[in-house]
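Chemist: Take the sequences, apply the hints, and build the full model.
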Amino acid sequence: MLAGRVDEVAPRLLGARIASWVDTSPVALRVVEVEAYGGEDDPASHACRGATGRNLAMFAEPGTAYVYFSYGVHWCLNVTVGPAGRAGAVLLRAGEVVTGIEVARDRRTPPSGRPPRDRDLARGPGRLTQALGVSRVHDGTDLLDGGSVVRLTLPDVAVAEYLCGPRVGINRAADRPWRFWLPDEPAVSAYRGGTGTRGERSER
DNA sequence: CGTGCGATTATCT
DNA sequence: GATAATCGCACGC
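All you need for my numbering is the position in the first sequence, starting with 1, plus 18.
By construction, these hints were calculated from the structure, which means they are not laboratory data.
Being a predicted model, the structure only gives us computed values, none of them experimental.
It is possible that part of the hints are untrue.
To be verified - Across the chosen pairs, the derived CB separations fall in these ranges:
| no. | residue 1 | residue 2 | range |
| --- | --- | --- | --- |
| 1 | E79 | P128 | 34 to 42 angstroms |
| 2 | D124 | D202 | 39 to 47 angstroms |
| 3 | G22 | R123 | 32 to 40 angstroms |
| 4 | E120 | G68 | 40 to 48 angstroms |
| 5 | T117 | R190 | 35 to 43 angstroms |
| 6 | G71 | D136 | 18 to 26 angstroms |
Beta carbons: idealized from backbone N, C-alpha and C, even for Gly.
Modeler: What follows is the structure, given as structure tokens:
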């Protein structure tokens, strides 16, 4: 199910479970927001100009973790999609903590600061990786292998309904509605784009 | 509550 | 040397 077109696969990851056992502490999230990124056909993708050292995992087997460093500050976690050799990935943008909330809270509490509200623990791609304890070392992990430190469990059934709209924080191909999220979920990240365009209702 | 801006660094040109 | 798939805080309404 991860082998198809990235913009068709992405919404099917809504409701999936992403779990980590970093430092032996389990934390699990229910995925509530994702974005699709393609290959040469997608000007906004890291893989738009072919393979490089950083984006190599985007060309790997579907279900591989692609982790990259963003804005000199944050790590972001993608699930590789599409046949091996062809670039494609789904960025996990936000999740709801369902297991290990104390550990997630610890990781997200700044030194000498207060913990964020529960709904903000994994609200946004940088916060999501921080809550899970995911970083560079997890780049290339097989997320479908039950022995991996970071694992993805696909939904048993596709969600009944989701919304879609433009991807956040990109300049090119801004017209593609390749951001997908669940309705009425407090953990969905705030839209930070400039236009205020709203997502449209979809079926399934 | 919404908008604006600076931080910080791996990666690529 | 420029850029970036972000975040948190400051400020104004």
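Chemist: Run every hint past the structure and note whether it holds.
Modeler: We went through each hint and held it up to the structure:
1. E79 / P128: 34 to 42 angstroms: Since E79 and P128 have Cβ atoms about 37 angstroms apart, the given range 34 to 42 angstroms holds.
2. D124 / D202: 39 to 47 angstroms: violated (28 angstroms)
3. G22 / R123: 32 to 40 angstroms: Holds - the Cβ-Cβ distance for G22 and R123, about 36 angstroms, lies within 32 to 40 angstroms.
4. E120 / G68: 40 to 48 angstroms: This hint holds: roughly 43 angstroms between Cβ atoms.
5. T117 / R190: 35 to 43 angstroms: holds (37 angstroms)
6. G71 / D136: 18 to 26 angstroms: violated (37 angstroms)
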